[in-house]
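A.B. asks: Residues per chain, in single letters:
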Amino acid sequence: MSEQETPLLSIRDLVVDFPNQKGAVRAVDQVNLDLWEGETLAIVGESGSGKSTTAHAIINLLPGAGRVSGGSIRFDGRELVGASSTELEAIRGKQIGFVPQDPMSNLNPVWSIGFQVEEAIHANNPKLSKTEVRAEAIAVLEKAGLADAGDRMRQFPHQFSGGMRQRVLIGIGLSANPKLLIADEPTSALDVTVQRTILDHLAKLTKASKTSVILITHDLGLAAERAEKIVVMYRGKVVEAGPSLEVLRNPKHPYTQKLVAARNAKPRTIHAGEQVAVRLANVSKVYSIKGSAFKSTPFTAVNDVSFEIKRGTTLALVGESGSGKSTVAKMLLGLEKPTSGSISVDGQDIANLKPGELFNLRSRMQPVFQDPYGSLDPLQNIANTIAEPLVTHKVGTRKEREARVRELLDQVSLPWAISSRYPSELSGGQRQRVAIARALALKPELVVLDEAVSALDVLVQAQILELLAQLQDELNLTYLFITHDLAVVQMIADQVAVMNKGQIVEFGPTADIFNSPQQDYTRNLLDAIPGAKLLR
Amino acid sequence: MANRDEHYVAPLAETGMAEIDAVRISEKPTNLYLDAWRDLRTRPMFYIAGVLILLVSMMALFPGLFTQTPPNDNCLLANSNAGPTDGHILGFTRQGCDVFSRIVHGTSTSLSVGLIVTVLTLVMGVFFGSLAGFYGKWVDAVLSRMGDIFFAIPYILAAVVIMSVFSAYRNVWVISAAIGIFAWPSTARVLRGEILRVKQADYVMASTAIGVSRFRILIRHVLPNAIAPVIAVTTISLAAAIVAEATLSFLGVGLPTATMSWGNDISQAQADLRTAPQVLIWPSLALSITALAFIMMGEAVRDALDPKARAQR
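Those protein sequences? They're chains G and Y, same order as listed.
Everything in the first sequence is counted per the working numbering, starting at 1 for the first residue and increasing by one.
Everything in the second sequence is counted per the working numbering, starting at 1 for the first residue and increasing by one.
Mixed in with the good hints there might be a few duds.
Derived coverage of chain G by chain Y (criterion: at least 3 residues anywhere in the stretch with Cβ under 8 Å from a Cβ of chain Y; other residues may be distant) [stated by the list, open to error]:
(1) 227-239
(2) 244-258
(3) 360-371
(4) 386-400
If you're looking for bench data, these hints aren't it; they were derived computationally from the structure.
C-beta atoms are modelled at their ideal positions from N, C-alpha and C, and glycine is treated no differently.
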């Protein structure tokens, strides 16, 4: 940090509006922030808080009809609000780099990686010759941490993993040695261990070149760990700002306090069940992957997995993407058949059930899926959605079913008035409540929660977890809780099974796993939780 | 913020905490089709097309409301190809019949063919398209190849052949069947593609896990979510069917000359094109406007049903 008179970037009273037919939605309201050279600043907030909009306003990349309707943005002595598009083009890329959120969709799938990097370099420095551009592109990719960059230049985005794509995007963002890099949720689509290496690398690069960074994230822990300064946004306004540790340890605004509290939730009191509700014994699942025309290669998604869940308790199945945890859930739900091994629910083997018996068993175990936007039929109203299991299993008369829907909505704390609504009108958290109500309609014993809170904002997530814990106590439910997010595991799980590459690498009570992990893989996962050490 | 390390806290009065995830129930209920309906009612194109379609439908159902002149009787050869006179605003055909009356009475033929073809393509297209898309595997392979065979034959050509073979039984039903049998594969293709997309949705898996039968999932969850593009395509293809009937009649393999239809009128008027062009122009105009009305309606419906197109307005 150099001691300068003026900050590199200074935003004053910034207002961004999105006009619509009814007037305008104010997305950013009177935002102030300062960023000095070489400093990293994190903007933290839930979805819709205006954190991305603020960052996009800096380089005038507001989506749709959005426009800056007040305030000033001074960057390196120049005013950016009202600057012409030629002036902005001279700044974008060259002085301010941008790393977008989703590595999966931000690289053009029809062009090779090399072409896209070269394009960025050429745009920022049109004088370079073709060979110079190519040499520069290789250098950029190598700097971004891509081994044998020269060979990989000819490959296409689909041949790269998410982490590698994000490295490419970071490389493009930093290719012109900008003074400021804006990283919009650069790692939220990636696994925690990948996230850590990417962010470590980003920090190393920006530190070496004294680049300032604006890091946009929904994760307070990550912000505190990676940035010197935090700006907390809520509903378009800055509610709290200051040095990271100070904000984290001594939050003053109620919103920040709630955010910190949600991350610091105390581990739950362990439930110990008696009866075995679910038993998996040596379960494996092998898929055959289509290769060339008539060949297929076997792929083992789940390899020799065994565990038990006692009635009334929660088992958290933890693992990174591709670890096979969702496949285990699908097999348990009877949506996929295991290749070998046996799965029994209440002592009944579900592998060899007749269709009629499977139908009856379905009423006793129910899933709640990850994506609250995809798991409800958009053309069915809420009452019909929740009543579907009752109709399917021919439970009760019309009147009785309506009464049951009322009772279920009440259990998940939703008003009866939403029963005639359609899913598109509800927020993510409310949809997830509806999905939980539907899962509970038939009074199941086992609920499989597949990443059920991963897509929700932190505070909503805490609310849903609380609801789940409360329902478990009331109804003596058994949960299989599948997640990649170790931070929520402590709040809900009695036991944890850590999966890696189709196998369970560690299994035990939650406290043991968190306090004395036995395996390197588990330790690695725990260390990668952003801000883990800061918060505890 | 003069001091770099100041810990700023917003005044509480301005930034109070709202209830987390509160339910808004003041707004109107909405879903894809309700939204589309509300959106349609703001589109001028919908009203223009709607009025035209209404007018044409009235003509088809109650021709008596529009003209009292009989289309075929009392035709005087003395009036052959004569211009407009009092009570005969569009003049006379070669046979001395009233052009306006013939257009009005010919409407029902054109619309019936359009409707029957549309129902036929919709039934066949939805049946084959949904089976192929939803059940996949060999069902898909067989049905899709079957569709491809029909798709590969230009349907006008095929209809010409069929109509020639069934020349003894030419009526509205036969001509509709001849057009419809070769028009369904495009409907089926559109629907199959949509179903392949929709059946991957989590709510389909959720219903499967509840124990809902495959067929009921198809009817209740998959079809309603996949049918929107088909509705738009179908409205446009109705116009194509009307034009196809006129084409076949014009070529002399459509409806028998005794049946009143725009295609027949155009066909009969072509001999006098140079001397009395109006006799050909009026039924052609009726045909074009009707086709245009359905195409415009289809476009409006398609845009209204597409949330992306809606957002761009």
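A.B. asks: Please name the hints from earlier in the document that this structure breaks, with their numbers sorted from lowest to highest.
C.D. replies: none
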